[in-house]
Amino acid sequence: YDKLDTKGLETVRRDNCLLVRRMVESCLKKILIERNVDAAIAYTKHIISELLQNKIDISLLVITKGLSKSTESDDYKVKQAHTELAARMKKRDPGSAPVLGERIAYVIIDKGKNVPLYDKAEDPVFALTNNIPIDCDYYMSNQLQNPIERIFEPIIGLAKVKSDLFAGDHTRKRSKPGLVQNSGGMMNFAVKKLKCLGCKAPLSGDQALCGSCIEQEANVYGKQLSVVVTAEQQFARLWTQCQNCQGSLHQDVLCSSRDCPIFYKRIKVQKELGEAQLALDRFKYEW
Numbered sequence: 132y133d134k135l136d137t138k139g140l141e142t143v144r145r146d147n148c149l150l151v152r153r154m155v156e157s158c159l160k161k162i163l164i165e166r167n168v169d170a171a172i173a174y175t176k177h178i179i180s181e182l183l184q185n186k187i188d189i190s191l192l193v194i195t196k197g198l199s200k201s202t203e204s205d206d207y208k209v210k211q212a213h214t215e216l217a218a219r220m221k222k223r224d225p226g227s228a229p230v231l232g233e234r235i236a237y238v239i240i241d242k243g244k245n246v247p248l249y250d251k252a253e254d255p256v257f258a259l260t261n262n263i264p265i266d267c268d269y270y271m272s273n274q275l276q277n278p279i280e281r282i283f284e285p286i287i288g289l290a291k292v293k294s295d296l297f298a299g300d301h302t303r304k305r306s307k308p309g310l311v312q313n314s315g316g317m318m319n320f321a322v323k324k325l326k327c328l329g330c331k332a333p334l335s336g337d338q339a340l341c342g343s344c345i346e347q348e349a350n351v352y353g354k355q356l357s358v359v360v361t362a363e364q365q366f367a368r369l370w371t372q373c374q375n376c377q378g379s380l381h382q383d384v385l386c387s388s389r390d391c392p393i394f395y396k397r398i399k400v401q402k403e404l405g406e407a408q409l410a411l412d413r414f415k416y417e418w
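Mapped onto the numbering used here, the consecutive letters of the sequence shown carry residue numbers 132 to 418.
Since the hints were derived computationally from the structure, they do not count as laboratory data.
Keep in mind that a hint or two might mislead.
[To be verified] Within a straight-line C-alpha distance of at most 16 angstroms, the following computed EDC-like cross-link-like pairs (lysine to aspartate or glutamate) qualify:
(1) K196 - D136
(2) K293 - D268
(3) K222 - D250
(4) K304 - D146
(5) K324 - D337
(6) K326 - E233
(7) K160 - D136
(8) K176 - E280
(9) K415 - E348
(10) K161 - D136
(11) K291 - E280
(12) K399 - D188
With the hints as constraints, model all of the structure from the sequences given.
Written out as structure tokens, the structure is:
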């Protein structure tokens, strides 16, 4: 075959996140081209499991919509997620805030139950840098479920789609959402403590290991050093790729293209590298 031509599906629509487009395209290819329904079902379960464990790259979860109205407009009656986000971004930094006519990239974050959707929209960079958890249930129910049901319903039936693909053993393991900043209530009195790098037990000071793991200090240090080196290599590869795209290997990367998946991945790896280095510095070795 030359190509899989689709019309009107999520593979060509821009108001869905990239994860939906890739899933629909992969499922159609496995079903129509490879003639392997079982492989399509296994692939769908795997992606849903990865999503619920927060293992999906944030670049695949970004939703983009055009900003056609502002919150001050007279005809702005119903609150929309991207419009409300644009107003919040303007309060944070008026110089870099999106203007009318631009497309806004956002993700849906986890703020708990009974929070309206327009309050859950957040800038992906802001969510990355502040460790704000993603609302995985929203992406599964509002982004993935309808397209997947339309694909598999004629094959295995709607009831089996809901019971086998969106429920079951692969949906039981979930990541625990972190604390959202300024969440209010008792969270204002919560104190964050460092954990032992060996057994993850809470520590009262800033040391690297607890009394039980101090004998394994060399092994734990070696593992943490390996994490730092791996993060350095990943960041170097991404940085070099961005330099090649920019056309210069001797200047800082000035790219701000949020349509590029490497843009978010570079920010994520840079943050992970900083956190891994801070953990390594807790050993307080002086060579």
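Okay, the hints, checked on the actual structure:
Among the hinted pairs, K196 with D136 is inconsistent with the structure: their alpha-carbon atoms are about 24 angstroms apart, more than 16 angstroms. For the hint pairing K293 with D268, the CA-to-CA distance comes to about 14 angstroms; that is within 16 angstroms, so the pair holds. A C-alpha spacing of about 15 angstroms is found between K222 and D250, which places the hinted pair at or below 16 angstroms, so the restraint holds. For the given pair, K304 sits about 29 angstroms from D146 by alpha-carbon distance, which is inconsistent with the 16 angstroms threshold.
Of the supplied pair hints, the one linking K324 and D337 holds, its CA atoms being roughly 9 angstroms apart against a limit of 16 angstroms. For the hint pairing K326 with E233, the CA-to-CA distance comes to about 43 angstroms; that exceeds 16 angstroms, so the pair is violated. With a C-alpha separation of about 11 angstroms, the suggested pair K160 and D136 falls inside the 16 angstroms cut-off, and the hint holds. Taking the CA atoms of K176 and E280, the gap is near 13 angstroms; set against the 16 angstroms cutoff, the hint holds.
As the CA atoms of K415 and E348 are separated by approximately 12 angstroms, the hinted pair is consistent with the 16 angstroms bound. Distance restraint check for K161 and D136: the Cα-Cα separation of roughly 14 angstroms lies within the 16 angstroms cut-off, and the hinted pair is therefore satisfied. For the given pair, K291 sits about 10 angstroms from E280 by alpha-carbon distance, which is consistent with the 16 angstroms threshold. Taking the CA atoms of K399 and D188, the gap is about 9 angstroms. The hint holds against a cut of 16 angstroms.
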